[in-house]
Amino acid sequence: AQSVTQLGSHVSVSEGALVLLRCNYSSSVPPYLFWYVQYPNQGLQLLLKYTSAATLVKGINGFEAEFKKSETSFHLTKPSAHMSDAAEYFCAAAVNNDMRFGAGTRLTVKP
Amino acid sequence: GAGVSQTPSNKVTEKGKYVELRCDPISGHTALYWYRQSLGQGPEFLIYFQGTGAADDSGLPNDRFFAVRPEGSVSTLKIQRTERGDSAVYLCASSPSPGTSGIQETQYFGPGTRLLVL
Chain A
1379 AQSVTQLGSH
1389 VSVSEGALVL
1399 LRCNYSSSVP
1409 PYLFWYVQYP
1419 NQGLQLLLKY
1429 TSAATLVKGI
1439 NGFEAEFKKS
1449 ETSFHLTKPS
1459 AHMSDAAEYF
1469 CAAAVNNDMR
1479 FGAGTRLTVK
1489 P
Chain B
9 GAGVSQTPSN
19 KVTEKGKYVE
29 LRCDPISGHT
39 ALYWYRQSLG
49 QGPEFLIYFQ
59 GTGAADDSGL
69 PNDRFFAVRP
79 EGSVSTLKIQ
89 RTERGDSAVY
99 LCASSPSPGT
109 SGIQETQYFG
119 PGTRLLVL
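Line by line, the protein sequences give chains A and B. Heads up: the first sequence runs through residues 1379 to 1489, numbered per our numbering. Heads up: the second sequence runs through residues 9 to 126, numbered per our numbering.
Worth flagging that the hints you see were computed from the coordinates, not collected in a lab. Be careful, since some hints might not be right.
What the hints assert, rightly or not - FRET-style restraints, in silico, Cβ to Cβ: (1) 1423/A x 105/B: 28 to 34 Å; (2) 1393/A x 70/B: 22 to 28 Å; (3) 1396/A x 15/B: 38 to 44 Å; (4) 1489/A x 63/B: 45 to 51 Å; (5) 1439/A x 105/B: 39 to 45 Å; (6) 17/B x 1460/A: 25 to 31 Å.
As the list claims (entries may be wrong) - Calculated cross-link-like contacts (lysine to any residue; reagent style SDA-like; alpha-carbon spacing at most 20 Å): (7) 19/B x 1419/A; (8) 1436/A x 113/B; (9) 19/B x 1436/A; (10) 19/B x 1418/A; (11) 19/B x 1421/A; (12) 1436/A x 61/B; (13) 1436/A x 116/B; (14) 86/B x 61/B.
Where is the CB? At the ideal position from N, CA and C, for every residue including glycine.
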C-alpha cells in the first residue's frame, strides 16, 4: 500500500515569510495526492489535490503544491505566511479508495 | 446546507463498554468514510461505504469494530468491548459518487468524535 512521509512535525515561520511543508510518498502506482488543513477543534478541510492533470496545483488561501514524480514529492508552499495559516497540515495519497495520510506538520506563524 | 456532522462530539466510556458513534454526511453524498486519528498521527482509514454497502472495510482493526449505513445516508460506527487503545478521534467524511476513478472526489470531513476509554 502507499505511504506518506511528512518531513518536520513542526514548522515555524515569521509572518510574511515563505511557507514550505514537505511531503514525500511511496506508491507502486501513481496515486492521487491531497493536502488538507486542520484548524483547532475543526474538521479537515481540503486545500488542494493532484489528480494527474497539471503538476502545479493551486489551492485555497494562496497555497500551491507541485507534483514531482522523479522525487516522489508533493511539497506545499505559500509565498507569504499569514497569522491565520497557523494550523495542522496533512498530506495524503490515495489509490483505489485507499487514502493514507502523513503524520501531519504543525505550522506556527510568528508575528 | 450543513456539512458533515458527527455526534457525540466527545464520549467518555469505561473499558469493556459498547459505544456507538454517529455520522450524518452531506445530503446526496453517496460515499462515506470512517477514519481514526490517534494523538500525533494522521487519520487512519477504517471503512468506506458506497451507498448502503461497505465497499472496503480493510481498515477495521479487529472484529470489535463494525459500521453500518442501512439507508445509505447516516452511518454508525460501533465498537464492542472497548479498550484503552481505542481512545482517539474518530473522523467521518463524505463525498459525491467517486465514479470510475475511485477516491478522486474531494472528501468533506466532519469535526470528529473524541473517544476516551478509561
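Hints, verified against the model:
1. The hinted range of 28 to 34 Å is not satisfied by residue 1423/A and residue 105/B, whose Cβ atoms lie roughly 21 Å apart.
2. The beta-carbon spacing between residue 1393/A and residue 70/B, approximately 46 Å, falls outside the hinted interval of 22 to 28 Å.
3. Separated by about 40 Å at the C-beta atoms, residue 1396/A and residue 15/B satisfy the suggested range of 38 to 44 Å.
4. Here the CB-CB span from residue 1489/A to residue 63/B is close to 47 Å, well matched to the stated 45 to 51 Å.
5. As the Cβ distance of residue 1439/A to residue 105/B is approximately 28 Å, the hint placing it in 39 to 45 Å is violated.
6. At roughly 28 Å, the beta carbons of residue 17/B and residue 1460/A sit within the given window of 25 to 31 Å.
7. With a CA separation close to 15 Å, the supplied pair residue 19/B and residue 1419/A stays within the 20 Å bound.
8. Between the alpha carbons of residue 1436/A and residue 113/B the distance comes to roughly 16 Å, so the proposed pair stays at or under 20 Å and holds.
9. This hinted pair does not check out: residue 19/B and residue 1436/A have alpha carbons roughly 38 Å apart, beyond 20 Å.
10. Between the alpha carbons of residue 19/B and residue 1418/A the distance comes to roughly 18 Å, so the proposed pair stays at or under 20 Å and holds.
11. Of the supplied pair hints, the one linking residue 19/B and residue 1421/A holds, its CA atoms being roughly 17 Å apart against a limit of 20 Å.
12. About 34 Å separates the Cα atoms of residue 1436/A and residue 61/B, which puts this hinted pair outside 20 Å; it is violated.
13. Among the hinted pairs, residue 1436/A with residue 116/B is consistent with the structure: their alpha-carbon atoms are about 18 Å apart, no more than 20 Å.
14. In summary, the hint linking residue 86/B to residue 61/B is supported, as the alpha carbons are separated by about 16 Å, within the 20 Å threshold.
Checked against the numbered hints given earlier, this structure breaks hints 1, 2, 5, 9 and 12; the rest are met.
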